[in-house]
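Chains as they are written, first to last, in my numbering: chain C, 959 to 1397; chain W, 140 to 506; chain H, 155 to 725.
Calculated from the structure, these hints are not laboratory results.
No incorrect hints appear here.
Quick list of the computed label-pair ranges, beta carbon to beta carbon:
(1) H:N419 x C:F971: 25 to 31 Å
(2) C:Y1249 x W:F311: 18 to 24 Å
(3) W:Y479 x C:D1363: 38 to 44 Å
(4) W:E468 x C:S1064: 29 to 35 Å
The calculated lysine-lysine pairs, modelled on DSS-like cross-linking and capped at a C-alpha distance of 27 Å, are:
(5) H:K216 x H:K230
(6) C:K1082 x C:K1334
(7) H:K687 x H:K646
(8) H:K240 x H:K325
(9) H:K646 x W:K351
(10) H:K400 x H:K458
(11) W:K337 x W:K351
(12) H:K687 x W:K351
(13) H:K284 x H:K220
(14) C:K968 x W:K441
(15) H:K646 x C:K968
(16) H:K397 x W:K351
(17) H:K397 x H:K458
(18) H:K294 x H:K208
(19) H:K161 x C:K968
(20) C:K1282 x C:K1366
(21) H:K162 x C:K968
(22) C:K1262 x C:K1322
(23) C:K1182 x C:K1041
(24) C:K1334 x C:K1365
(25) C:K1196 x C:K1179
Idealized CB from N, CA, C, for every residue including glycine.
Residue-level listing of the chains:
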Amino acid sequence: MKIKSSSLPKAIFLSLLLLLTLLNTGCWDRRELESLAFVLTLGIDQSAIDNQYDFTFRIAVPGNLDPRGGKGTSAEEMPDTSKVVTVTARSLPEAISLLRTSIERSLDFRHLRVVIFGEELAYKEGLLFHIDHLERDPHFRRTIYVWINKFGTARDVFLINMPVLEAFVTRYIEGTNESIRETGYARPIILHDLVAETEEHHVDTVIPLICINPIIEEEKKDGKIVPMPTEKYRESVKDIIGGEQMEHINRSGGNPLEIIGLAVIQEGKMIEQISGWESRVYSLLRDSYRYGTWTFEDPEVENKTFAVELYRSRPPRVEIDWQKEDPVTIDITFFLEGNVRDIQSLEKYISPETYPLLEGVVTKVIAEQTIELISKMQELETDPFYLARFIRTQMLYKQEYIALDWKKRFAQAEVNVTVDFNLRRPGLVIQPMVIPEQE
Amino acid sequence: MKIRKKDGVIGSFEAFCLCNYLIYTKMFLAMPRHLIEEAGPIAWAVPILVLIFSLLFFYILTNLLQRFEDLSFLEIIGELWGSSMQWIIGVLFAFLFLVITAYQLRIIGEFLLSTLLPQTPLSAVLFIMVATFVYLAYFGIENLARLAGLLFPWLLVAFVVTFLLAVGRGEFYNFSPWLGYGEWRLFVSTVNHIGIYKEILLLAFIAPLFRKHQTLRRTGFTSLIFVAFFFFFAMAIYIYVFPVHTGSELGFPLFQLTRLVYYGAFLQRIDPLFMFVWASISIVGMATGLYVSALSLAQGAKASDYRPFLFPLAVILLAIAFYHESSMEAVKNYRLFPAYIAIPFFGIPILAWLWALLFHRQRRQRQ
Amino acid sequence: MSLLNWKKSLQNFKKLFVVDSSTQGKTFSLSSSRQPYQRKVTLTRKYNPKNKEKRDIPVATKDIQKAIASLFHANKNPDFVNRVLKTSYGQISIFYYQSMIDAQQVQDAVIEPLVSLNAEQEQLSWENLKDLLTYSHVTKEVTTLEDSAVQISAGRVFVHVEGFAIALAVKAGTRESRAVESPKTETVIRGANDSFVEEIRTNLYLLRMRLSIPEFIAEPIEQPHRSQERLYMLYIEGVTSPKLVKEMRRRLQAINVDALHSIGNLEHYVQGRPLSVFSQGITTERPDRTISHLLEGSVAVMMKGSPNALLMPVTLWSQLHSPEDYYFRWPIGTFARVIRLIALIVAIFLPSLYIAVVNFHPEMIRTELMLSIASARERVPFPTFLEILFLELAFEFIRESALRIPNMIGPTIGIVGAIIIGQAVVEAGIVSPIVIVILAITVLAGFSIPYYTLTYSVRILRLIFVFFASTFGFFGIVVGLLLLAHHLVSLKSLGVPFLSPVSPLRPGNQDVIIRPLPYLQELRPTFMGVLNKQKEALLQRPWDVNTPSEIHLLKSYTRSKKPALRKKKKQ
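Kindly produce the complete structure, drawing on both the sequences and the hints.
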């Protein structure tokens, strides 16, 4: 008689079972990287045909990448790392399946970074009809950035994009969003924010605007940007302050694309665009502002400016006496602090006694801009600032909050803005340069 | 099956971990969504309210077990109401645990399919999971509990860290209005989810394995409080990040939470890592469910071993898991029936306790 | 087990549903609540000299000559020496194996005193004769022919004097053995540099030199197998749990084979789960390591002819430890252990994680890295897991060939392998460079595990995980991880859970990953069931100003308390 462990046949049986399952399964979800076409950015536009849309995909071409690293020096030497394809279809899933007829690999959206909507689509029909697929399909993540082209179609953005430094479009997108965060000229929005704020009561959302600068668009020839002669550039600049209005920035060379300003979205449709300056005030109100350099007019010398690096020291305090009859009053207080970065007029402002001069300008300008922006939004009966959040925290029941009818009441509200601003540090020099002759 | 101390002694830490796994599995399913849908921004309070009831129930349960030391729950039933009742209730609990596990299995499988393995057939995923359950349960509660104990600290850390990373997207005002849809709806939601911690009954089935009754009591209370805290923690972060309307429409809620983690270029898209957490907890939890089901059957029938029941039960488990045509149907039923299932889970022990209190005065001596 | 035998297969299949009640819950455990499982063992092997009928030793020289010569096939076996000496009191027969005996010693210790004795046969008593052999210290009286055969085979000189029905077996052996060398597989920078040899007495010397206490016992195990007295069980009386010693003795005595060739061979006979990929003991060639485990309550088994000791019970953690950890300062030791733990994890999981990430979840890596991996893979025709398998195979070839190749050209193999794999394979487009990086790290990590048996186990696990990962991605890895963890948790090394003190959790000043300060580690491991828990006195550094004065009080307290405790136990 052989003495054997009784667990042996069981162990063999179980492991056989496991092995059989493993072998039978094949490998349904296993996809080799070289059998996938990664879509890095996606554009959606209104088509020339009714009820159809142009979907533009930027597909990464890994074969053209040098695996040993290092970037080519000029555009000719380096083959494109990505290609742009446009399909016209009724919906995004249809476009994806139609695109498969011409692309050798299966499309993969797990590395998708940004969805860009065209201006026309955003104005007319709105974005919401295209959001559902993005939310539902597990390939799309809720952390995709959303942009709107300020003037024109998303497709143009794809065609004209020429990043200054980055070879990868994904790095370009990440870098740009980082710049947005640091300058405050827009607010980076991801799909999750868009959906959550659209679904929330009493708030409208915003989307950053990307625009094509016509001066540089003119400079782009044969896939290269050649800065125009100075004479011509001097002719083409306009008399504007960059960021104050909706117009483009006076600029030559570099990437034709620039991200500045926000689109206000109500029920999925773009109802208004706000400029870079307004966007900063918006960010202050929405409390998405962290940091930025602001330039103000000098209080004493005309046509000269001083610059302040402005931080938000505390979240804004907003008091709304919503329980009384209309019009409600909204008292907003910003808490800001800043460092002096430039005194163009060379006046001696740096001392505790003269600080109030500069601080006064800052508080006045920001308060004015805030009231201006709020009244602009009041005319449109929209509240992208989500001021209702300050009411929300004083309520007990959700039903009460839903019944608030905030947007109408906001439109009639009286707004007071106070800015609590302190200058903190002067930088590396105390007083500006002294010219002995003028002493 | 008569469990005696010589069959193995279960440590309090290991039993604590096992209870956590068994109870927490349901949180990875659709539960956060249902809670936020029913109670609104105050949904975090539901696990705490249920905890108060569950602590009371567990106190009664331990009181019952203390009266009959060295006996498991079903043996106490046999002592009180005769062996035919022991068999009936054993079969009933075996069935209930099996059904719960089967539904969890189906929904977990559906989630897996809809997120990470979209092309894989459901049957393959379910088969491999059930094979794992049988393997894990086959070697008994002692090894299962030790496995739970071994992985617990790591899973805990991973769980907490992934959730805290998701906090960056949250807004404090999402908790307001403070009472949500009102006290009544909170109460209704609490009643609907009264059975969140019902699986704590596991301890009653393996009661003789504890060295002392005091250990069982302490293990039960600590695991209830601990697991309630984590229900609260996950729910609070879920509400914090997702506004009510968005939160009540997400499939696979906690997974979506981790998909939002986005800190610059390096710390993002960590959701497959989170799968380590939920898949481990669910698989160990469901394997425990299968084990308890087999154990209940064995104890009810006074069989000498639970192991022969495992394989047939696993087949039935798969059959129940495949019963529903669509995933939404399964989710809907899983949402409805725990409230009813809670009745026998709480009712029978309380009834037994009352019976023992009124008609079974003489305390059993420790042998 | 023949699969064709359908009846047997059916029975085996039946075992899935029906549990043999006699084996139920009967594993050996150190826990005091569990009784050792006694099972009636029937030995059915035909060769069993113990059970043979024994014949008395004949009185006449002629008879014994005949009997022994036929027993040892003397005419075919010139190695066997058969001498008859004539003395004044009768004929003396001497038998021995030439190869096992030192001829000079036989002459001096046996023949010389016997021949020089001048006495009549009638006056000679057996006691006198025995006392005569003053030069040899190990003498044994033999009364049967079968026992004499055993003694001669074991290398003793067999002396028979005419007229007595009793004979003497005298030890006069040579100790042909290689010199003590430095260890080969467990080299350390700091610490002792001697290792076991094939000769058991040298080994026992090496051990006793380090632990000279009377409680240190080297018990020879009598077994009914053909080669006698080859196994020694080493333990410390008063420290090692008697339950453990008993169990080990039982397992060793149950072995009934022709021959055991090595300790590695023995492992399969005594370990609880021989099917597991993990070895549940430690085979060491270091005397210092053996001593340290003995002092922690383990049992060691040594074998004549095998330069290793088998230590059981041990834990997985002690397989990750190196004796060196204790010889360096504690941060170095701890750091080395952390590195080894990481190495263990990397060696098991890295290739499977790579497959899971690349084939199932490419969203996990940065877009740029993902695209560069993809571009490197453009030229590779095989799926990723075949790439990994191919490289794994190549690495195994290199490893195996480096072992077999003569020492002179050994180093070249490394270079050749590196060139083949590093350069040519990539250029031929068979594998992508990143897979080489992954596999190289994995293999290096594997070899940084100090216990080489574990390294081999890890290699097999790695392949299993690669299969899991290439089928279900991360989910497959999770399932595999759970199965692995469950297996580890359920393993027992001679009744001690393999992962203790982590699972089951026994908190305290345990020696797992962080190496405790030696003077603070006062207790032996709690899970070994040792009789004497104290490893060292509570107060080790009384001169240190940082030692709080309360500890002095504590020390006197425990001193006075200890005898009382012992008394209680006796009652």
